[in-house]
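Q: Listed below, chain by chain, are the residues.
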Amino acid sequence: MVMDGTAPIASLDEKTLRATLPGRLAWFAKQRADKPALRHKHLGIWEEITWAQYYERTSAVARALWERGLRSGGHAGILSDNRPEWLFADLAIQALGARSVGVYQTSPAADVQYVLSHSRSTALFCEDQEQVDKLMEIGGGLPELKHIIVFEPRGTRGYADPRLMAFDDFLAEGMKLLEREPGFMQERLAALDPSSASMIVYTSGTTGQPKGAMLCSNNVCEPTDAIAKMLNVTEKDAVLSYLPLCHVAEKIYSVNLPLATGLVVHFGESIDTVQEDLREVSPTVFLGVPRIWEKMHASLLIRMKSSSWLKRTLFFYFVNKGVELERKKRHGKSSPLDALIRAAGDVLVFRALQERLGLRRCRVPGSGAAPIAPELLEWFHGVGVPIYEGFGMTELAGGSHFNRPSMYKLGTVGPSIEGVTQRLAEDGEILLRGKCVFMGYLHNEEATRAMIDEEGWLHTGDIGEIDADGYLKITGRKKEIIITAGGKNLSPERIENALKTSAFIKEAVAIGDKRNFVSALVQIEYDTVGDWAQRQSLPYTSYPDLASKPEVIKLIEEEVERCNALLGRVEQVRKVKILPKELHQDNGELTATQKVRRKVVSERYADLIAGMYRGGAS
Amino acid sequence: MTGASPLLDVRGIELRFGGVTAINGVSLAVPKGHLQAVIGPNGAGKTSLFNCISAVYRPQVGSILFEGRELVGEKAHKVAGYGIARMFQNLGLFENLTVLENLLVGRHHLYTSSWWQDMIFGARARREEIKHRRRAEEIIDFMQLERYRKLPVGILPYGVRKRVELARALCMEPKLLLLDEPAAGLNQEETELMARYMLDIKEELGITQILIDHDLRFVMDLADSIAVLDFGKKIADGTPSEVSKNPQVIEAYLGAAAAAVAAE
Numbered sequence: 006m007v008m009d010g011t012a013p014i015a016s017l018d019e020k021t022l023r024a025t026l027p028g029r030l031a032w033f034a035k036q037r038a039d040k041p042a043l044r045h046k047h048l049g050i051w052e053e054i055t056w057a058q059y060y061e062r063t064s065a066v067a068r069a070l071w072e073r074g075l076r077s078g079g080h081a082g083i084l085s086d087n088r089p090e091w092l093f094a095d096l097a098i099q100a101l102g103a104r105s106v107g108v109y110q111t112s113p114a115a116d117v118q119y120v121l122s123h124s125r126s127t128a129l130f131c132e133d134q135e136q137v138d139k140l141m142e143i144g145g146g147l148p149e150l151k152h153i154i155v156f157e158p159r160g161t162r163g164y165a166d167p168r169l170m171a172f173d174d175f176l177a178e179g180m181k182l183l184e185r186e187p188g189f190m191q192e193r194l195a196a197l198d199p200s201s202a203s204m205i206v207y208t209s210g211t212t213g214q215p216k217g218a219m220l221c222s223n224n225v226c227e228p229t230d231a232i233a234k235m236l237n238v239t240e241k242d243a244v245l246s247y248l249p250l251c252h253v254a255e256k257i258y259s260v261n262l263p264l265a266t267g268l269v270v271h272f273g274e275s276i277d278t279v280q281e282d283l284r285e286v287s288p289t290v291f292l293g294v295p296r297i298w299e300k301m302h303a304s305l306l307i308r309m310k311s312s313s314w315l316k317r318t319l320f321f322y323f324v325n326k327g328v329e330l331e332r333k334k335r336h337g338k339s340s341p342l343d344a345l346i347r348a349a350g351d352v353l354v355f356r357a358l359q360e361r362l363g364l365r366r367c368r369v370p371g372s373g374a375a376p377i378a379p380e381l382l383e384w385f386h387g388v389g390v391p392i393y394e395g396f397g398m399t400e401l402a403g404g405s406h407f408n409r410p411s412m413y414k415l416g417t418v419g420p421s422i423e424g425v426t427q428r429l430a431e432d433g434e435i436l437l438r439g440k441c442v443f444m445g446y447l448h449n450e451e452a453t454r455a456m457i458d459e460e461g462w463l464h465t466g467d468i469g470e471i472d473a474d475g476y477l478k479i480t481g482r483k484k485e486i487i488i489t490a491g492g493k494n495l496s497p498e499r500i501e502n503a504l505k506t507s508a509f510i511k512e513a514v515a516i517g518d519k520r521n522f523v524s525a526l527v528q529i530e531y532d533t534v535g536d537w538a539q540r541q542s543l544p545y546t547s548y549p550d551l552a553s554k555p556e557v558i559k560l561i562e563e564e565v566e567r568c569n570a571l572l573g574r575v576e577q578v579r580k581v582k583i584l585p586k587e588l589h590q591d592n593g594e595l596t597a598t599q600k601v602r603r604k605v606v607s608e609r610y611a612d613l614i615a616g617m618y619r620g621g622a623s
Numbered sequence: 002m003t004g005a006s007p008l009l010d011v012r013g014i015e016l017r018f019g020g021v022t023a024i025n026g027v028s029l030a031v032p033k034g035h036l037q038a039v040i041g042p043n044g045a046g047k048t049s050l051f052n053c054i055s056a057v058y059r060p061q062v063g064s065i066l067f068e069g070r071e072l073v074g075e076k077a078h079k080v081a082g083y084g085i086a087r088m089f090q091n092l093g094l095f096e097n098l099t100v101l102e103n104l105l106v107g108r109h110h111l112y113t114s115s116w117w118q119d120m121i122f123g124a125r126a127r128r129e130e131i132k133h134r135r136r137a138e139e140i141i142d143f144m145q146l147e148r149y150r151k152l153p154v155g156i157l158p159y160g161v162r163k164r165v166e167l168a169r170a171l172c173m174e175p176k177l178l179l180l181d182e183p184a185a186g187l188n189q190e191e192t193e194l195m196a197r198y199m200l201d202i203k204e205e206l207g208i209t210q211i212l213i214d215h216d217l218r219f220v221m222d223l224a225d226s227i228a229v230l231d232f233g234k235k236i237a238d239g240t241p242s243e244v245s246k247n248p249q250v251i252e253a254y255l256g257a258a259a260a261a262v263a264a265e
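Protein chains in written order, with this note's numbering: chain A, 6 to 623; chain B, 2 to 265.
Extracted from the complex, chain A is given alone in its bound form:
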């Protein structure tokens, strides 16, 4: 059932269409009708969805939502892993002038309930039985939620809840209704106001309840065009959609950039197959959060340790050499011999390594959403994966600063994008102004006023420095600065990131506020430490068991000692304790984006911390 993608929007001009995200979809459906827009792996084979089909399915979903009373200003949620249907639902909701609300699929039922009831969502797109079960658990707790549309209804057949409906039936109904009203989408698109809220993005909230940031098409359309121009993204590019789509960072890559340039978005098989999917897609543009890069780094090192002598020797020689050469290059001291060594490293080590990571074709590997250790960046640059760090926030509709191939300084997050102005407040807080600054928090005027002042400056809450060329350097979060008993201001993130450069440390919480010295609680990386234990013929049964082994404690203390070399004297971690169990989102220790809630952790393990300070510094 392929319809004529051009007819229903014939009378709308390019400018109107390109002002909103759903309009941009319609525009591409006209311009690139039979070209691929999305690819998803189904039954082991990559299947294509063209721009015309993308638009057609989005229109059908919009029509079926309309039938169920969703109107301009209403809210509808999406609770699912990344998949094409996520995008159909998102853009369909926006096409009606309503607001799409992404919910993290890892959230426990109580958090799901909070977001849906706070946003007063009347409809919800739900992935599968696992997610539906959360709603069954909530039961009557969401009186306003009237419709639950399930992408994969398998296993929910026996459920008697009248709100449930299979996505396929929903889509078919929309298609049928559209046949009778071919002008439906045109009317909706013509009525859209690009300055009214079309997305609610809930912040992960390392402190307190999540807040819903309201974003409109104006926040994303022009700023994304600027990003696309700056990173030189075109329709020839490919991305893999794998970070949670309710996070604003993945939205840039899976929704905003494709709708600005026409690039192809790929959806892998499942969250478990990201590594393999990456290798198959080999994206040209890629965003990793620091955790992903840390993990890639750790798994490569572990792999190499168990490979043959020749491989191992070559690997470590060229990787160390690569990092060293990169450093020389940065200081402008490269020699022809260096170039020769580099070329040899490329052939012998780096190419295979890049292919293994699935980043061989990647022009712009990026890192964002949280600060990354500069040492890790140096390492990746050394092996020919030049990660460009950027800066962004939910409240900035994504990214405001990007390093890029042509403008790059290690340790900074790069210059601001076109249309964003920056300055520092007296206390060093970074203030930003521009089109991408969000509209405010949903149902929370007070929080909005605390973020945006009368002149329109967004108070980011981050402390930083701006150099003479306009490159921004983030030094820490305003609220989370550690002030030691000696009066030194330290950034816990910097210390934690230094510890996390160890392949054996997964998470770290730095402590030291009003204390004589800095200490840390760490969570060991179960896989790599387990692998290490096996090599040492050290038997263990589970995480708590492994974490309490004297050998492991010694290993971690040595690792911390090594990482301390990356830190200044006052920042160095003098004592460390391993957390007796893994941090988890379900008990509030991690946010939905897997960031550590320092406050919760340090309260829960107060006795562990007290123990470290009882005896004084070692």
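In case anyone wonders, no lab produced these hints; they're calculated from the structure. Owing to the predicted nature of the structure, the values given are computational and were not obtained by experimental measurement.
Facing chain B, according to a computed beta carbon distance under 8 angstroms, are these residues of chain A, among others:
(1) 48
(2) 49
(3) 159
(4) 160
(5) 162
(6) 274
(7) 275
(8) 277
(9) 278
In silico lysine to any residue, SDA-like type, Cα no more than 20 angstroms apart, as pairs:
(10) 326(A) / 342(A)
(11) 300(A) / 148(B)
(12) 46(A) / 135(B)
(13) 326(A) / 415(A)
(14) 46(A) / 150(B)
(15) 586(A) / 560(A)
(16) 151(B) / 276(A)
(17) 46(A) / 152(B)
(18) 46(A) / 145(B)
(19) 151(B) / 51(A)
(20) 46(A) / 148(B)
(21) 151(B) / 277(A)
(22) 203(B) / 160(A)
(23) 151(B) / 308(A)
(24) 151(B) / 278(A)
(25) 203(B) / 133(A)
(26) 46(A) / 134(B)
(27) 132(B) / 48(A)
From the structure, some residues in chain B lie toward chain A, with a derived Cβ separation under 8 angstroms:
(28) 135
(29) 139
(30) 204
Beta carbons: idealized from backbone N, C-alpha and C, even for Gly.
Dock chain B against chain A, hints included.
A: Positioned in the frame of chain A, the structure of chain B alone reads:
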């Protein structure tokens, strides 16, 4: 049974090894689409019953009708061809083959092209290959084995191998699935997952299943009906609630565990 005849009809079978009677006059009727459980202590004759159904053993007395066809006296490979697949208690997978290859082996009896056609790999063989690969992929999707597809079975954790074993049985396109202690050796989480798959097999694929287990709780939540064996005899047969209230069952073998469940 009212209306249609049952998919599997075991009628008064007896199986003896020399002087030992393993099964003593057991009857069991399993309607199409049912999830039938067979429970009992070790040596009660559960696995022997499976061996009779899959024609590994030949009972001396009685008959076993599958879709009205007599199975007693048939060859084991013929029975597989009729649509009876079995998931073994001790895994029967090829450790050096990948998950996908193991599944394709499970479909071997469904290939219709001959060996010389396969060697030339002409249009017909290729069509066959695509058809079977597609079905295998559907099962991979169903059993959520995507990430293991290309890994050799030998390196996979036990819980995943169990899933592969079930997937292999599904690949044979069975009408009847015999599951011999599918949850044995699995942890809590894996057991719940396995139960989920069995319900999905029933609801989504409509395949009739007979399940052997000795964990009563596992069976109580899952099965449509439960037959209880003890020393080769069937001592009860009915819905989970009926069986758990049966005084003979409680006394003969279930004892305190069943009393606890019945009291809940």
